[in-house]
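Participant: Residue numbers (my numbering), protein chains in the order written: chain A, 2 to 109; chain B, 6 to 638; chain C, 523 to 1023; chain D, 349 to 829; chain E, 17 to 180.
Treat the hints as calculated values from the structure; they're not laboratory data. No experiment lies behind these values; they were computed from the predicted model shown. Treat the hints with care, as some may be off.
To be verified - Simulated pairs of lysine-lysine, PhoX-like, Cα-Cα distance not exceeding 20 angstroms:
id	chain 1	residue 1	chain 2	residue 2
1	D	Lys499	A	Lys108
2	D	Lys500	B	Lys608
3	B	Lys608	A	Lys108
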Amino acid sequence: MENVAAGVSLQHYVVLSMILFSIGVYGVLARRNAVLILMSVELMLNAVSINMVAFAVYTAPSLFQGIIFAIFIIAIAAAEVGLALGVILRIFRNRGTANVDEVDSLKW
Amino acid sequence: MGDAWILPALPVAGFVILLLLSPWLPRKGDWIAIALMATAFVLVLALGKDVADAIGQGNFHGTARSWQWFYVPGYMEIRMGTFVDQITLVMLFCVTFVALLVMIYSTGYMHGDRRYGWFYAIVSLFVASMLTLVLADNLLLLYFAWELVGLCSMLLIGYYNDKQSAAEASKKAFITTRVGDVGLLIGILILFTQTHTFNIHHILDMAQAGQINERWLTGAAICMFAGACGKSAQFPLHVWLPDAMEGPTPVSALIHAATMVVAGVYLVARMLPLFQVVDGMPELITTIGLITTIMAALMGLAQRDIKRVVAYSTLNSLGLMFVALGSGAVGAAMLYLFAHAFFKALLFLSCGSVIHATEEQEVDKLGGLWGKLPITAPVFTVGALAMAGLAPISGFWAKDEILVGVKNGEMSQLVLVALLISLPITAMYMMRVTLLTFFGRPKDHHVYEHAHESAPAMTLPLIILAVLALVSGFVVFEGVGKALGFHSGWLGFVYNLGEGPETYSADWAMSISSIVLVVAGLGAGWWFWSGEAKPAERAAAFSPLTYKLFLNRFYIDEVYQLVIDHVVLAAGQVVAVFDRAVVNDTGVNGTGEATDFLGWIGKHQQTGKIPNYALAIVVGVVVIAAVAFGYRG
Amino acid sequence: MHSGYWLISTIVIPLIAAAVLVGVPDDKKDVTRWLSAIVGAVLFAISVYVFFAYETDRGGGYQFYHRTDWLQNVAFLGPHGIALTFGIDGIAAPMVLLTGVVAFGGALISWKIEHHNKDFFILFWVLVAGVFGTFTSLDLFFFFFFYEVAVLPMYLLIAVWGSSSVFETFSRTKEYSAMKLTVMLVAASILIFLGIFAVFHEAGKGTFDLQTLYAYQFDDRFQKIVFPLFVIGCGVLAGLWPFHTWSPDGHVSAPTAVSMLHAGVLMKLGAFGIIRLGIQLLPAGATFWMPGLMILATCNVVYGAFAATAQRDWKYMIGYSSVSHMGLVLMGLATMNVNGVDGAVLQMFAHGVMTATFFAMVGSVYDQTHTRDMRLYSGMVNKMPLFVFFMGVAGLASLGLPGLAGFIAEFNIFVGTFRTYPWAGALGIFAAAMTAVYILRMMAMSFFGPFNEKWADVKEMTYLERGTAVLLLGSMLFMGLYPAPFIDRIQESVRLLPGVS
Amino acid sequence: MSQLNYDYTLFIPEYLLAGLAVLVVALDLYVPQVRKAWLSYIAGVGLLAIAGVSLVWINKETNFAHIVAIDNYTTYFRVFFTVTAAVVCLSSAKLVEDKLRHPGEYYALIILSTIGAIGMAASRELMTAYLSLELLSFSLYILVGFQKFDKKSNEAGIKYLLLGAFASAMFLYGLSLIYGVTGTTYYSQIAESLKAGTSDYTFALLMGLVLILTGLGFKVAAVPFHMWTPDAYEGAPVAITAYLSTTSKAAGFALLLRLFGGAFQGVHDDWSWMIAGIAAATMILGNLVALQQHNIKRLMAYSSIGQVGYMLMGVAGLSHDTASALVLHLTGYMVSNMAIFVVIIAWHNMTGTDEIADFRGMRERAPLLAGVLAGALFSLAGLPLFAGFVTKFILFQSVVDAGYYWLAVIATVTSVVSLYYYLQVMRQAFVEKPSEGEGALSVPVLMNGLAFVLMLGVFYIGLYPQQLFDAIDNATSFIFV
Amino acid sequence: MTQVFFYIMAATVISGALGVVLVRSVVYAALFLVMSLLGVAGVYLLLSVEFLALVQVLIYSGAVMVLIIFVLMLTRVEDLKQNLDGDQRPLAAVAALALLGAFITVASQTTWPRNVDELTVVPFTSISDALFNRWAVPFEIASGVLLVALVGAVVISMQEEGER
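Sequences are here, hints too, so could you generate the full structure?
Facilitator: Below is the structure:
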């Protein structure tokens, strides 16, 4: 579409976030180290934030919930990381590995 | 007259009382049964008198009375009722009289038996159902009684129930007759669906009025005739009767000579008008009768067991009666039935007496008992001669009637010829059994020493029967009948059956030829079996095949056994295996296992690895999204 | 007008009994026995009263009517959406009587049970309540509710108190039979489930009240689609070929009382369901599909008879004969004419009592000898004449001997069948003759002949068993000799059935 | 939206919950002489009391800034969740003593998670919904891994956590897309703006719906987002398994109903078929795989998946009727399931095993538990006299009325399959005899009592659900406003 | 001008992300993550939401990364030489690409409603204002989440007595 504003349209941001999200998904699927998976999840969350903010400023500035949402997402993400790392540490203590595909005693 | 229902009621009462109380009654309560039976007999005589008088007034068309049993408005009303006419009366007389004698006889024969009371109970029940059978005014009640007499005969055949052979025989008897009964029931139902009634006379009227669909009528007739064949042991359903001799001899006398086996004759006589409407039916009846007669006569020639010989003679007689019915000579048939009741009962009872005396049934082990059994021997001989049909004993008159009937009947004369051929054979084997039993040299001395005449309780009935067997034939003469109080004599009495009265016309040629033939047969028998019976052995040696054929009753039983084992039971096995292997193990269990297997597959998708799980999620998303885009976009 | 509380009591009393039994301590076995015996007697009395109090001169409508609203005016349910509606017509009345008789007999027969007899009777009474409920409820929901209640206790009843048996070529564990029986019956009932959904949805009346639904005119296409669901769903419980295999195995493995109740009463639920849900609800479908049912039923009759001739195990023989006889019931229903359906209902009663007698008798021997192989027995009559007597009478009844219950029923069925499908009728009569074959073979094999000394110490039936036998025998003779009370009740209602000519 | 209502008193029950959580922790920390079992009693009784308190808001239809609605729906689920949590707390007394450390935190987390669950049911706005969901999820992540030194527990924890994070990221992306196309996060406004017609952003809407379903499907364990369920259930401390199988599912459905009823009912055709498909897959897979299980927790996991399938049918044909039917079934399922788990927990405490084979002889060793087990299993299998029959019947009927015959067919068939494995459990408990030397067990009165009460509940729903159903019907009428 | 800036930022974000999911070393991955997150912060600036950019830099590139690296050290993944990718990597690629495809379809097919095509600057104050009035409830819940996470992290990872 013809860009009026700052030469960058909403669509740009959306596509960016989509790419970022997909990369994150790939990371989650492909990586086997718990910490790396966690990082990939962070990428996905960031993609979401980009989306939210972009929508907020482009389409619905009246209540700009997107921005608030983004703030919450960052907060939650941080908390998630903290918690996840705690659990990962515990696993490492008990099993001496942080590789999730060695953690498969529960199956079938 | 309308209260004929009392007749069966009496023995029923006897049955119930004995069944419940006999262990606590003196003499196990046989006297109750006998007393009731005597009463019944007297009542029958009274009834007969009434009927005779009614006929005298010439306004008699049978007396009926019925009660509603159950009722489906607009669909069916089932009434249970009685009907009395001359045929009924003859049957009633034979049944009650023979039953009475047999009961008296049994006090001696069955004395001290373990289940004495049970014996009398069942006999009473049998008589009751037999009376019901002959009194029934509708086919349903008739079938009712029909099955019950079958049951009683089964129970009595299997009376010595710790003999496997007895158990088998009773089973065989019941099932074989049952095959016939299937036909009977189908026939009855067809008639019902066609006429919406069970009342015999309505059905007959409609049949004669041609209101019944031709095809259905034919089917019904054939089916019902099958029933008659089963009960009256006509070829090919005759196999059960000889085995039925496993039962106590009095039972054989009562059921398998005088009463039950002639139920078929009675049925055909009853339904004859219907049968005659169906073209080809009389011929069928006659043919079956002939085959049975001749076959039985031949088989009788070779049997060793005295009772079996008599049994085959019964088949022989029954065949005769069917021939008579086939050629429309109802009166002759009934007369023969009447006479037959006496001399056949006599034969059986005297057999029983012999067996009782010697505890031996094999003619090869008997012999020379004439002196030993002063009463039994002569009466047996009388019976035998009556069976052979030697003038002037009752058998002769009856048989002659039949011959005349056949001759005058519309049957082809071949039937007559065949009958004439069968006469000497009958005479021969009756001669044979008499000779081998009472004359010649004793073959087994132990048996001989041990033999002794029976108690009066047994001999008395023998004598009575013997007398009757001698004289009962004379009722054919109008005078005698009148003297007995029958208006227009016995024949007028019996023949008054719609198809117009025929008086006894002595066809001298016929009588003479038959007498000649019988005498010839007796002579041949004497020549063969008197003394050392060498000629017989020579004959047997001359054509061993025929001999074996006769001895083994033309291998019919074997054939049946084969069929049962390799068709019916085999089919059962096949079905059972199919049910287990295919229907259950494949159909039912198979489904279950298939489901289980699916579960097994599903279970192994659960690898326990996080990335796989995540992949599953993503795949899910992508798939649903793709479908969504295709489906809604 | 009679009070519907008579019917309700037949459901509530056993349930209360079960609840009370929960409280009875495990070791108070005799308390349990007496309690159950009394409950059985009471139920028997009530059922007798209900049967005879049903007035035959009132056109065969529903009597003992009672309705209590249960769930209504919520979600998709309109007023009286689901209501405890009870009432019996002339068809249900004999069934109630039958249930009373057999339940009482079963309670007496089970006196011997030692292992957790408390649990046994709890489940037993739940089962009985379910049966009564199905026969008496006039609400589609509760019909199905009680129908399932009657199936529910089966697994435990068979798997805990049953018996496994090993035969030459195969073996049946009680767990297997119990599982197969339960799963097959429930699997069948899903067809009814779906049928009910469809009917309710189609009618759109917002109520499950059967009479309201009867009044509604379903269009033919719908009827033709849904009717098979009901008939096969109920048919499986009625032992419809080829879905019958749960029945012989189940009976073989089940404890005596359960066999009695199951073959005697539960299988009747199926046939009853075909009347209530099939014929009454979807008459057009019925007239369309009945020829098909007739074919299957004929298969039942002949197939069962042949299979029975090949059996050597008493209970298997009886089981297959049940398949055969239930086939006669279905045959009668399939005729769709008054005689046939009358006969079917009569046969339901007749078969109920005679097969119950069979199982009771077999149980009385099996408990002592722990084998049912008829070849191992011989001349039992010398040891236990009463047993043989009762068994014999039941056998004769089942081979349709006049004067006993079986004949009058089969006779009506055959009359009906000959009116519509003579070929089927002929086959049916033929199969009845086959009945004679296997029954008599069994008797000749194991009751008569020389006595097998192996069983020298076998005792005659206990007095309770004799009582039970007399009870059942009495009803058999009553119906056989004087069927009018039954037929008066049945035919009035049967003629009200839509589509029955 | 004109004048917003900032009435903070609406959240008194939640404050009380938070307070209770703090109290429990404090007691654990500062009053060490208190017997640890008491904590569970305090938590349980407190929760029940709060359930009572929340009844105050019956029929007060109000909301907080249009973000949170306090209506009968909320009230119903307040009671629902608090009661469930209470049962879990009470039943885990001995378990915690034997197997876990930090009892204070354990109970506190359960209580806090309840707040999250209530939030999910109550919120009428996406952010709040999402945050409440995370509150519940986080607590569960921790609780699942609470058995620190048990490798299985750790594994369950990490699996649940990582996958949960992944799924909630998906969920968020879905929300962002919805926000993008509607420009708001209020359900009511979303519904409004969707009315305008979705032609020019159908794809975004669909993608958003798919992703939202992914997130919620993960929460309620719907195929193919269910894979974590059996592992988490097996690894978690058994009481937490119970909690997972009831509260977290129920909360998921509460949210689903509010969200799809309140926001997306307008575009019903766009998503009902998705949910229908998921429901079918869930029913089939759950019940089939359950056939293969030998561990009672895994079995219950798969059976719960199957149940979720049934409930999803209700969402697929979403209408007032189906919603009521669904919540009714949910309630019945909760009661029956809790009953079973109380038995499992008690058995686990006494025998230390949760293999089905080790249930053998329960009839002899713990009659009452065995009885309850049988009843509850029958209820889950959907047999009459028990809750399952009525609830399933009504649910399926409503689904048929919604036009999903084929779903009803699958549902009925699979419920027969389920009967098979329930009966297998019953067989162990009743048919098999206990092995040598396994005498009668002395079951704690509390456990017997709980089991008994829950059984009464099962019978109540099964035998006279009128009032309950009326209440539910009234409650669900609020999700569509 | 802005366009150029955007593409730079986009490149940073994406390359960083790719680095995270592709490199062979955990530590590098972490550093790439930092890079990517900073890029996102840049994007926020571009969207004129300075506050958010600030938060992003502080919390993410600060606290979170420190935490992550600290854990990486603790779990000593460096010393055990091993492949960081699971065996389903190709599948992963396919799946991710498929997802991306779906997303691109969405993006291409959608015209975002109410798109004013010029970004409105949201003032700092109104954000905080909204956050503490209208969005107070979610805020409280979020604080609850943080509390839970905190407690949980402590309980789970805390070293018990008698451990090692």
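Participant: Each of the hints needs a verdict: does it hold here or not?
Facilitator: A quick look at each hint next to the structure:
Annotation: proposed proximity of Lys499(D) to Lys108(A) holds, straight-line Cα distance about 14 angstroms (limit 20 angstroms). Note on Lys500(D) and Lys608(B): the hinted pairing holds, with a Cα-Cα distance of about 19 angstroms set against a maximum of 20 angstroms. Annotation: proposed proximity of Lys608(B) to Lys108(A) holds, straight-line Cα distance about 9 angstroms (limit 20 angstroms).
Checked against the numbered hints above, the structure violates none of them.
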